[in-house]
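J.: For the record, the sequence lines run as chains H and A. Just so we're aligned: the first sequence equals residues 1 to 272 in my numbering. Just so we're aligned: the second sequence equals residues 1001 to 1386 in my numbering.
Hints should not be assumed to be uniformly reliable.
To be verified - Straight-line distance between alpha carbons at most 20 Å, and here's what the computed SDA-like set of lysine to any residue pairs gives:
hint	chain 1	residue 1	chain 2	residue 2
1	H	K259	A	P1264
2	H	K146	A	L1104
3	A	K1383	A	L1006
4	A	K1159	H	Q7
5	H	K108	A	P1264
6	H	K146	A	G1185
7	A	K1221	A	I1315
Unchecked claim - Covered by chain A, according to a simulated footprint, are these stretches of chain H (three or more residues, beta-carbon under 8 Å):
hint	stretch
8	155-168
9	259-272
Said to hold, decoys possible - Chain H residues, not near chain A, derived (Cβ > 12 Å throughout):
hint	residue
10	A70
11	L84
12	I189
13	A192
14	E214
15	L216
16	K248
17	L250
18	E252
Bear in mind the hints are in silico, worked out from the structure with no lab data behind them. Fair warning: this is a prediction, and the values are worked out from it, not measured in the lab. We put the CB at the ideal spot given by N, CA and C, even for glycine.
Listed below are the residues making up each chain.
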Amino acid sequence: MDIKRRQFLKIAGLSTIAGLGAPAAFNLLLKGESSPVSFASSGAGAEVSHDAAPTGVRLGMVVDQRVFDANQGLAQKCITACHLVHNVPNFGNPKDEIKWIFGVPYEKAFPTMSHYHRDEHLHNSRFLVFCNHCDNPPCVRACPTKATFKRKDGIVAMDYHRCIGCRFCMAACPYGMRSFNWRDPRPFIDKATYNKEFPTRMRGVVEKCNFCVERLVKGLQPACVEACGSSGAMVFGDLNDSHSEISKVLKENFTIQRKASLGTLPSVFYIV
Amino acid sequence: MLEKALTGSNRYWGWIAVLLAFMAAGALSYVQQYNYGLGLTGMSRDVSWGVYIAQFTFLVGVAASGVMVVLPYYLHNYKTFGKITILGEFLAVAAVSMCLLFILADLGQPLRALNVLLHPTPNSILFWDMIVLNVYLFLNIFVGWVVLNAEKKEVAPPKWIKPFIYISIPWAVSIHTVTAFLYAGLPGRHFWLTAILAPRFLASAFAGGPALLILLCLIIKRVTKFDAGQEAIQKLVTIVTYAALINVFFVLLEFFTAYYSNIPGHMHTLDYLFFGLHGQGQLVPWMRVSTIFGIIAIVMFLVPATRKREDTLAIACVLLFISLWIDKGIGLVIGGFVPSPLEEITAYHPSFQEIMITLGVWATGFFILTVLYKIALSVKEEKMIS
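Start from the sequences and build out the full structure, keeping to the hints where you can.
T.: Right, here's the structure in full:
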């Protein structure tokens, strides 16, 4: 028995040494100059750094709260437009609720910001919140089936047919932007406004804002942006294109992101 | 050896019947849930995991705790545990089976469960959890069965089984570590986002699991001719006491970091769980019971008079088990969702069907445990007679 024990200890010792060496090797791998090691499964390359992907298309949104504050009712128009075009059911109760875009007060949208002596207008403002389409999305990291994935254009998309309904992505999203179909949603979609162009979902899968991928391929703007008309309340475009309108808006205004300190690199910016 | 589970006293069959009744009731409720969707439970957009995932988390700990008898026996040649090693391994089998059932019960699309294998995704901790749990289940069934078979034939266990036993030891640690990683790597969930979550899970597991094992040994002593022996039980008590104390220490560390740093996100969930947050404290009574039971149990384990008497020892084990079950099986998972990322406080009340399904899965676990223990103890009793 003693010999066996010694052999075991030898092996254990060797594995420990190997274990101690591993981080160094791993570090070397990570620091490799031009090798963006991707932890995200999509292959779209969420880099292990706190900088956003500098190249390629990265779609994003700017929400100009000044315009929403000046136009009461505009936010509701955006919400309605989105929920109608995506056949989002209306259950009429908070327990089953599914929402892709909705309004919340400043302190709920930005709980990590200071709330002491804030501007007066912030007391009544309701900020539109929706999926941030993070460049480093925790939900994509958590999903065990790649049912949620990051596209090359930066959109964090969902495959409703692959989702197993484990809701790990809901626990992982630090913004609370994901909804689950707790029951069959189809009876709760208004037949009068049903949109045949977009699939309804089955029960037991997660869903969220998709930046209107189905409209973008047709050359249309996202439904919420379209609902804003020419007001400029929401600007959508490629964050990596320095000539895009959104880049211009971002250059000219001070913007904030939701919980930026978490390193998720949200693609949605707010002008307060 | 399976045939040994098919003969037994009336009491044995009565117990089996009770378990089957609960399993049937759970299955009926599950049919309802399957047809309606998970909306039949008390879960909601804000509290998106409930008792199922909480039970799963707790039971991974029970499963991992099997190592607390396997390690001393096989690595340190602590012969006193030789008699109960099989009990620890079969307890692990029953516990992992329950874990897998709770995961299935929690899936919105259970028929797609195999997507986890069809589309393997190594960046998801759930993928790794699936692997470690299934391998651990296999290791424990395999090792337990082979060793028991050898015991039946009154020969030494085959040598080739040793590597499987040695692997099962770190593997037990891995299942609870990976399960902690499900929670401890999520940005924005401050209550879970703590490096001490995995060690805390292990400490509470190594207290709760062996406490259950002591209870099982005491019950077995009454219903069969098998006696684990005073020494084995007292050694388990030592393990339970140390693990329980370490667990308390880890919990206090969480309190220190949260309240001394004074960072709101770190304090909110603890506030909600133990004192109430913005006047809402649905879980406060539960957590206080957990705290009081835990303290009483530890005192009873420390005092020789209460530790050595079987009746008081049983009470201490029950109290500790309930305390840790509340802590992990309710507070940890459900509390982690409060406040929500949008700073909402949402209460969660499991529905009737949800409770029935939960009881059904527990009954299934005890069914597996009863059958496996029946086989193991029949083999041991035969040997004692001959």
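J.: Each hint needs a verdict: does it hold in this structure or not?
T.: Status of each hint after checking the structure:
Restraint check: the Cα-Cα separation between K259/H and P1264/A comes to about 14 Å, which is no more than 20 Å; the hinted pair holds. Taking the CA atoms of K146/H and L1104/A, the gap is about 19 Å. The hint holds against a cut of 20 Å. Between K1383/A and L1006/A the alpha-carbon distance is near 19 Å, which keeps this suggested pair within the 20 Å criterion. Only pairs whose Cα atoms come within 20 Å are accepted, and K1159/A paired with Q7/H is accepted, the gap being roughly 15 Å.
Pair hint K108/H plus P1264/A holds up; C-alpha atoms about 14 Å apart against a cutoff of 20 Å. Between K146/H and G1185/A the alpha-carbon distance is near 18 Å, which keeps this suggested pair within the 20 Å criterion. Of the supplied pair hints, the one linking K1221/A and I1315/A holds, its CA atoms being roughly 16 Å apart against a limit of 20 Å. Here's how the stretch 155-168 of chain H fares: 7 of its residues keep a CB closer than 8 Å to some CB of chain A, so the rule of at least three is met and the hint holds.
Given a C-beta distance limit of less than 8 Å, the hint that chain A covers the stretch 259-272 of chain H holds, as 4 residues qualify and 3 suffice. Every beta carbon of chain A lies more than 12 Å from that of A70/H, the smallest distance being close to 25 Å; the non-interface claim holds. No beta-carbon of chain A comes within 12 Å of the beta-carbon of L84/H; the shortest separation is about 20 Å. With a cut of 12 Å on Cβ distances, I189/H stays outside the contact zone with chain A, its closest approach being about 15 Å.
Residue-level check passed: A192/H sits 24 Å from the nearest beta carbon of chain A, beyond 12 Å. Here E214/H stays apart from chain A, with its beta-carbon at least about 22 Å from theirs, past the 12 Å limit. Its beta-carbon lying about 25 Å from the closest one in chain A, L216/H satisfies the requirement of being farther than 12 Å from that chain. Every CB of chain A lies more than 12 Å from the CB of K248/H, the least distance being 31 Å, so the non-interface label holds.
With 12 Å as the threshold on Cβ separation, the claim that L250/H sits away from chain A holds: the shortest Cβ distance comes to roughly 24 Å. Listed as outside the interface, E252/H is consistent with that label: its C-beta sits roughly 29 Å from the nearest C-beta of chain A, beyond the 12 Å cut-off.
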